[in-house]
Amino acid sequence: MLCCEDSRLQVDKGRLKLKNPVISASGTFGYGIELQDIAHPEHYGAITLKGITAKPRAGNPPPRIVEVSGGIINSVGLQNDGIEEFVDKKVLPIKRYKTAIIANINGTTADDYFLITEKLNEHESVDYIEINVSCPNVKEGGVSFGKNPKAVAHIVKGVREKTNLPLILKLTPQVTDIGEIVRAAEDNGIDIISLINTYPAIAININTKKPVLGNIRGGFSGPPVKPMAINLVWETRAATNLPIIGMGGISCWEDAVEFLLAGADAVAVGTWHFIEPDIATKINQGLCNYMDKEQFSSLSEITGYTWRQYND
Amino acid sequence: MNQTSATITAIRDLGAGYFHLEATCPEIAQQALPGHFINVRCESVLLRRPLAVFSVDASTIGIFFKACGKGTSWLAQRRAGEEIDLVGPLGKGLFEENNAKRVILVAGGVGLAPLYFYLQFNKKSPAKKILFYGARNAQTVFFQNELLNLADECYFVTEDGSLGEKGLVNEELRRFYLTEGPKDGDVVMTCGPNAMIKTIISFAEAENIPCQVSLESYMGCGCGVCLSCVIPAADSTQDGESYFRLCTEGPVVDSRRIDKQKFFNMV
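From first to last, the protein sequence lines are chains D and B.
For what it's worth, the numbering used here labels the leading residue of the first sequence as 1439, then goes sequentially.
For what it's worth, the numbering used here labels the leading residue of the second sequence as 185, then goes sequentially.
Any given hint might turn out to be false.
If you anchor each label on the Cβ, the simulated ranges turn out as follows [unchecked claim]:
| hint | chain 1 | residue 1 | chain 2 | residue 2 | range |
| --- | --- | --- | --- | --- | --- |
| 1 | B | Pro-394 | D | Thr-1614 | 35 to 43 Å |
| 2 | B | Asn-449 | D | Gly-1617 | 42 to 50 Å |
| 3 | B | Ser-243 | D | Arg-1746 | 52 to 60 Å |
| 4 | B | Ala-379 | D | Tyr-1743 | 31 to 39 Å |
| 5 | D | Ile-1476 | B | Gly-201 | 44 to 52 Å |
Simulated from the structure, these hints should not be mistaken for laboratory data.
Everything numeric in this text was worked out from a predicted model, so none of it was measured.
Just so it is clear, CB atoms sit at the ideal spot from N, CA and C, and this is done for glycine as well.
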């Protein structure tokens, strides 16, 4: 049996139900099937598909990625073909695999989120909807919604009215009080919190004296953000009892354990897919070994273990 | 596509910062075609470094690279017997002969790599292969004997005139066409610095010669999922922009697919 099917790894908290806790972060694993020769979708508890918008988007001008100390800055800008043919062309190919599917939805207006949700709801083809209010790479909407509790409340309420699917809210780290955002979402029917999205960042070429990225600014990700992401998982755990998907800088199973100990119920891998495409298998294997060694009988015993020592 | 730990069988310092490395990885060697690249994990940096396949035999692939950054400098310090982590072969857009009768290959510096593989792979094909290889000086014109054997004609060009014609490779190409004239079934295949590529594309398009160009771009995944390595496309969409992924729709593309103005402003 593959370790990713080990029953001890199951996540069953509120409306988050996964065969294992490893999720692919949106935008780092395409539509789930492209890397199957070396990173199979069934090794994941869930696949988050590349973010979608109501209309097609060409994305930001290149260069869109630059490596900086310890991490990368990207400014892809939500390049996608829009919701219209999304289900037929992007969701159906991954449907035949045994893994949960998360659609990551984006908007420049609140109505965009409602429209996309309506379309997804018609087809009942995805298992979860992740409301992305934290993309730093779009000029309108995106992270500006995620910093504002009223905008979050409005979007979550409107999306909730359109569907009974479990809803995930993806948060930006760029807030003073993450509890305020989480409560605004919870009061309006959110089921699961995921965090963090990337940090806004700029790299400048000292020879040309111009920004490296075509969009000037991008989002920073990679191992250096991990301690800051764990801090926000810790704060989110204090604000809510909803399931939490923790992400930010995960590059090995030990990182995943840290997120779980801080209060995450599941974890997502992003940037590290580009370096070790088969990381999901390694994390699941590492978690099983850790549970053997530390005598945890289920994943839920690890979740929040450290947090509880200081907060109960 | 494979991810594999490959054993380095040989690494040669060719001088002037250039290296030739061979590693055992039959699964990649048996699938690789001219234009394919591999993504090499370099411990000194985060992202894998994409490098063109230079040569293959049944179980080994060769890469020819210049140590110009932290990643390739780390790679240059490897020794025979060590393992390197590779993903490949990558890329879908490849050098293709189709019905070409005469293939004009134009290489600049380390851009020789995919064209060398083309020559090796297509050694027995009926098309005539003419190579123009530009470099800074005689010390940086590598694999001369092999190239003279693989290509039907070779023109070496150096900036200081220490080997072959003095000047730039595009000037030599122009001279060749002034004498020979274009022929039906000509195809230009090129790889090298962007300044060189720009002049080659502009020459080929002006002469109505199909031009296949191997480009470079900052890459994230190398496998089509991150949409980071995109190139401005000549066709536009509703909102006026269109991009294609170099990793899976290239790295070799028909020059007409590129929005040249935007691309060369960008690099």
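How the hints compare with the structure:
With their beta carbons about 58 Å apart, Pro-394 of chain B and Thr-1614 of chain D fall outside the hinted range of 35 to 43 Å. Asn-449 of chain B and Gly-1617 of chain D have their C-beta atoms about 46 Å apart, which keeps the hinted 42 to 50 Å range intact. As the Cβ distance of Ser-243 of chain B to Arg-1746 of chain D is approximately 54 Å, the hint placing it in 52 to 60 Å holds. Here the CB-CB span from Ala-379 of chain B to Tyr-1743 of chain D is close to 58 Å, at odds with the stated 31 to 39 Å.
Range check, Ile-1476 of chain D to Gly-201 of chain B: Cβ separation about 32 Å, and the 44 to 52 Å hint is violated.
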